[in-house]
Amino acid sequence: MSRSIINISEKFQAQYTLSIEMESMLVSALMKSKTEIRYDFSVLNIDEEGVECRLVQLDIFIHEANSNLIHEVAEVTGAFNRMFNELHLKLDHSGRVLQVVNMELILSKWQQTKQLMQQAANKSDDLKDLIALSDSMFASPEKIQQAIQANEFLQTYFGYVYGTEVPSSKSDPNRTNFLNTAYLPFKVSLSIDQQMSNGINVQVISSSVPYVALDMAFKKNAYKSFEDKIDMQSIKPEITEKAVYLIELKTGKLLNTTTVKKEMVEEKKLYIITQYTMTIDGAGNQVDEPKDKVSEPVDVTGTQPSKIRFKFF
Numbered sequence: 001m002s003r004s005i006i007n008i009s010e011k012f013q014a015q016y017t018l019s020i021e022m023e024s025m026l027v028s029a030l031m032k033s034k035t036e037i038r039y040d041f042s043v044l045n046i047d048e049e050g051v052e053c054r055l056v057q058l059d060i061f062i063h064e065a066n067s068n069l070i071h072e073v074a075e076v077t078g079a080f081n082r083m084f085n086e087l088h089l090k091l092d093h094s095g096r097v098l099q100v101v102n103m104e105l106i107l108s109k110w111q112q113t114k115q116l117m118q119q120a121a122n123k124s125d126d127l128k129d130l131i132a133l134s135d136s137m138f139a140s141p142e143k144i145q146q147a148i149q150a151n152e153f154l155q156t157y158f159g160y161v162y163g164t165e166v167p168s169s170k171s172d173p174n175r176t177n178f179l180n181t182a183y184l185p186f187k188v189s190l191s192i193d194q195q196m197s198n199g200i201n202v203q204v205i206s207s208s209v210p211y212v213a214l215d216m217a218f219k220k221n222a223y224k225s226f227e228d229k230i231d232m233q234s235i236k237p238e239i240t241e242k243a244v245y246l247i248e249l250k251t252g253k254l255l256n257t258t259t260v261k262k263e264m265v266e267e268k269k270l271y272i273i274t275q276y277t278m279t280i281d282g283a284g285n286q287v288d289e290p291k292d293k294v295s296e297p298v299d300v301t302g303t304q305p306s307k308i309r310f311k312f313f
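When we follow the UniProt record's numbering, the leftmost residue of the sequence shown carries the number 1, and every step to the right adds one.
No lab work stands behind these hints, which were simulated from the structure alone. There may be inaccurate statements among the hints.
Claimed, not checked - Computed beta-carbon distance windows for the label pairs:
hint: 1; residue 1: G282; residue 2: I230; range: 43 to 49 Å
hint: 2; residue 1: N102; residue 2: E48; range: 18 to 24 Å
hint: 3; residue 1: N180; residue 2: M232; range: 41 to 47 Å
hint: 4; residue 1: S136; residue 2: L105; range: 19 to 25 Å
This structure is a prediction, so every number in the text was calculated from the model and none was measured. For glycine and all other residues, C-beta sits at the position ideal for the given N, C-alpha and C.
Assemble the whole structure, with the sequences as input and the hints as a guide.
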């Protein structure tokens, strides 16, 4: 198996569980959370242009959070995600949204969802700006499509792998760093793990790194909010994204994937690590996890482990 083009090539229906583990340190504020989201994904049709699919969010749980703000944000975004808990989409083979077939249904939900968000936001003034931002977004179908494109399921499922011949390399100029503070284009390299692949499944490894220098100009732009608390001269940011995908060759169905995104600016003072793990029901954990994974939990005073269920439909 030397080269493969990864595409969804057969119709199927399956349920997936996506686990998101996040740890960030913003100088004095440590944030840790573990969230689990369940989806039902159906491929309805396939043609030269891409795939027609239906994506339904079944449930979302917060298993761990060390900050009340995480719960407040989850409550608001949970209400917001009600807008998108059932999506009927046309995608190209790489996972890019070409058309939101049920756009009218999504727009019809907005007024009711806005009321839910306002009730939740009354607990925190910091979250009210999100409602205003969302209100402006739902005035534009184009912005709705962009928001759907950023859906965690689509980003995790397709990554850079689908619609692409592997091994290969390419660039993505339309990205930001993982702290989401500055423009940062990435170079993406794709390879096949020959030892873990066979005639039934293929294991693809994706590695992304910035293709511009993380020089002083970048540091002043990306970390200017922290410049009075960190030494800009001494920091050496390391930004990486690594992912492993196990895919059924015959159908193009994703069986399991793990993605780790890391931005390490200054140890113990400024960093973010996020791990996304998604598994099809019944497949189990079959992929080799990327070497750079989320660190073991750190004991922090005030940590409040929890299992909270948010369901808004």
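Hint check results:
Between G282 and I230, the C-beta spacing of about 46 Å keeps the proposed range 43 to 49 Å intact. About 23 Å separates the C-beta atoms of N102 and E48, a value consistent with the hinted range of 18 to 24 Å. Checked against the hint of 41 to 47 Å, the C-beta distance between N180 and M232 comes to roughly 19 Å, which is inconsistent with it. Between S136 and L105 the beta carbons are some 20 Å apart, a value that agrees with the proposed interval 19 to 25 Å.
Checked against the numbered hints given earlier, the structure breaks only hint 3 and satisfies all the rest.
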